[in-house]
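Listed below are the residues making up each chain.
Protein chains: 2
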Amino acid sequence: MTEFFDVRDERNLTMLVDFYELTMGNGYFNNNLKDQIAYFDMFFRRVPDGGGYCIMAGVEQLLHYFKNLKFTSEDIDYLRSKNIFTEEFLQYLKDFKFSCDVWAVPEGNPVFPNEPLVTVKGPVIQAQFVETMVLLTINHQTLIATKANRICRAANGKPVIELGSRRAQGYDGAIYGARAALIGGCVSTACTISEQLFNIPATGTMAHSWVQLFPTEYDAFKAWAETYPDNAVFLVDTYNVTKSGIPNAIKVFDEILTPMGYRPKGIRIDSGDITYLTKKCRKMLDDAGYSDCNIIISNSLDEYIISDVLKQGATIDSFGVGERLITAKSEPVFGGVYKLVAIDSENSIIPKIKISENNEKITNPGFKKLYRIFDKDSHMAIADLITLNNEIIDENEPLEIFHPIHTWKRKKITNFYVKDMMTQIFDKGKCVYDSPSVMDIKEFAAKETEKLWPEVLRFENPHTYYVDLSENLWTLKQSLLHKYSNIYK
Amino acid sequence: MTEFFDVRDERNLTMLVDFYELTMGNGYFNNNLKDQIAYFDMFFRRVPDGGGYCIMAGVEQLLHYFKNLKFTSEDIDYLRSKNIFTEEFLQYLKDFKFSCDVWAVPEGNPVFPNEPLVTVKGPVIQAQFVETMVLLTINHQTLIATKANRICRAANGKPVIELGSRRAQGYDGAIYGARAALIGGCVSTACTISEQLFNIPATGTMAHSWVQLFPTEYDAFKAWAETYPDNAVFLVDTYNVTKSGIPNAIKVFDEILTPMGYRPKGIRIDSGDITYLTKKCRKMLDDAGYSDCNIIISNSLDEYIISDVLKQGATIDSFGVGERLITAKSEPVFGGVYKLVAIDSENSIIPKIKISENNEKITNPGFKKLYRIFDKDSHMAIADLITLNNEIIDENEPLEIFHPIHTWKRKKITNFYVKDMMTQIFDKGKCVYDSPSVMDIKEFAAKETEKLWPEVLRFENPHTYYVDLSENLWTLKQSLLHKYSNIYK
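Line by line, the protein sequences give chains A and B.
Numbered per our numbering, the first sequence spans residues 17 to 505.
Numbered per our numbering, the second sequence spans residues 17 to 505.
Looking at chain A on its own, in the form it has when it is part of the complex (with noise of 0.2 Å):
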């Protein structure tokens, strides 16, 4: 295999960054807070389309953009331009470098709620700037893992192929988003860029066009098989399926693919009533001896049309998904936040709460560790623990784990490890970590969602995953509202 190219390097993106991290840097900078360590969490309050679990992804992203982050001397003069900024502030945006630390949950892994999957600490200008992109990144590239992991649960263990770039929010909405649909699970994409860049296989095959341009369908079809006798794959619905594209399909399979040695790959439907056709199509290939061509259906699905049509018995070998995974359309929107969490202050740690009238939108204070525990026969995962940075889980001990809203469901486990969930990617802004390959991190999403159980797999009302806060945690946070609570009064 060739070198890839790669143009993710070419792109400096630090001035992709909301405004108001930049007015937020400069009044740090200008009340002496520019050495300020900040501590903050990135997480989502909960699951797209109503599942049980999130699968992470995008660190490989985040990765480049750190490594990347720099100020031209253009940047500097644009921001010169908006007579808000000292020259002093300026010049320290000149002569940044990024020195944070930086902490995530490798991609792939099943995520939940309220946990943080992400946490920066640094300077307080550094862990603030990089906010809008840490959001952009994670929130993108998790909402379309999520959804293909969905959809491709919904197949059933036949392939699916992602397809959706055209229809696409921006270049890079398709570029990550074949990216992301790899790891959540499909098979290829259609994304030729994302290919080169990512090592994940892009294919395909006609389109109606191809079928048009000819005189006949017959004729589009013989062109193509005899290009590409061993990638026979027609699309069978440009006129009408039964009547012309199978039969046509067919005539060529028997005169000239056959002739030529090679066996026919599939036809490809893009519209119309997917399960009557499906089990037509199959009835008449099986009768014409090809039983061993696969159907292959394209038209406006997700993991809700999938499931029905398999349902009703359709015929299906393999699925093109696109608009609706590309865009996560049932819910386009990852709605993960970036929260600051603690600050230092003379040798300790002040942790810093948000309030708020929305119960669910308090953050869980703090500079924090995430485990996840398993249970030592099944390897299944029981729980997930938020703890404080410095706590440690004695394994051979009982834990007792409770509700953090209901507190008198408890629940006292034994037989179990942990696993501490967040791995450093930076170490005072050095990169300490080597992304895996997406094809590695497709095929550990996998592995790792085999250990949640049935229940949080559920499409429909899941049982809730577990995440708790070790008692430390839980106090901390109740003493701080407790702290806020004359506000209320």
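Be aware that a few hints might be false.
[What the hints assert, rightly or not] Covered, in the sense of this in silico footprint (three residues per stretch, anywhere, with C-beta under 8 Å from a C-beta of chain A), are these stretches of chain B:
1) 32 to 41
2) 186 to 192
3) 244 to 254
4) 342 to 356
5) 364 to 372
Hint data in this document are derived by calculation from the structure and do not stem from the laboratory.
Computed from a prediction, not measured in an experiment: that's the story for all the values here.
Beta carbons: idealized from backbone N, C-alpha and C, even for Gly.
Position chain B relative to chain A; hints supplied.
Just chain B, lined up with the frame of chain A:
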């Protein structure tokens, strides 16, 4: 203003292409169809959110794409490694020079279903190849411009600020999404790089983390006021809007800002019951002598919520709109398609049609023109008329238009003038169009939208604007349909 830095020219997106464009290209090449001239139309079939029209956007990015089309030797090496392309085809790609004619509806124009927005004429390999990027570019930006236009109309003249970067679907989703949002009507964006690239205003103040970082909310507001006395906009919902945020804001207005000789700019609320809170805040600010202090709202807004809270009497001066705009959440897919409509054959144009069992998926054949008909007195848009390319409309004769399906519905138009809606942007591969500035496009969009009758502008159940076919085009389409009707017998 400083020279703007341009990230666009850095990226060659040639390989952002559905793989089947390449397999078809190789197929055309090896079937001696490399010089076959083909005509493709890009169009869409329905307006998102049940609206009456869309706002065309994305043409400037298409110019960049066409100009930069080029295969690097790495691209060729990568394609060779796939083992399905002939060396002759790879050589053709290596020598690739874009030579198509392209016409497009200029950005900012209201556009309607089934009319050509982009037409590409050229060697079929090329005209086919650009499908993915034509769709991706126009679909994305037209989606967001259209959504922004709905949201801004709901805001009823009050300014709307785009601030969705962190929830966008990929980096370009944010960058070009901000561009499209401005075209649709937003007054500014939070996306800094979009100001650099497109000279659109970027704005921003503070996040909750600013408030949390200081020992008290009062300290945080005080530090801000001292840093930005002429831009004092305080985020007041970190702890409690009415019991903490507003009282602290007023205290800082009184104690810091007023003595410095400044007036407050505004307060921002990002959570809670908008109608209740804004009314209460308005009264508190007015009572304290700050009736000129604006109230800015930013919490999961879209056209529906904005209409609703304004109807309830919420006292809001401007809106910050994030995730629901930048992803067009309520309908995040713009279903533009790109279809073969004709080919050249021995100096004549052979029209092509795509049949479908879904009537709305049948295409309009032929190389065409799009005219908009305006009333001579009111300058209001009466109808759009799609004609064959060689048709000229005589403005001095009455024009009879008719419904393309219910052909008995006819209308005779007098006292009108027509506008040729498509502009040539490439002539044999050479760019012949200068894109206006985004702010000019935005102004143009506002002006052109005012030429639509209020019935077409309606949010719910708008009047369907007439998009009719000329007699010649209608007759051609009927004859092609009849040609294929025997398939359905």
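Each hint, compared with the structure:
1. 32 to 41: Holds: 9 residues of the segment 32 to 41 of chain B have a Cβ under 8 Å from chain A.
2. 186 to 192: holds (count 7)
3. 244 to 254: With 4 residues closer than 8 Å to chain A, the segment 244 to 254 of chain B meets the three-residue bar; holds.
4. 342 to 356: Result for this restraint: holds, n = 11.
5. 364 to 372: holds (count 5)
Checked against the numbered hints given earlier, the structure satisfies every one of them.
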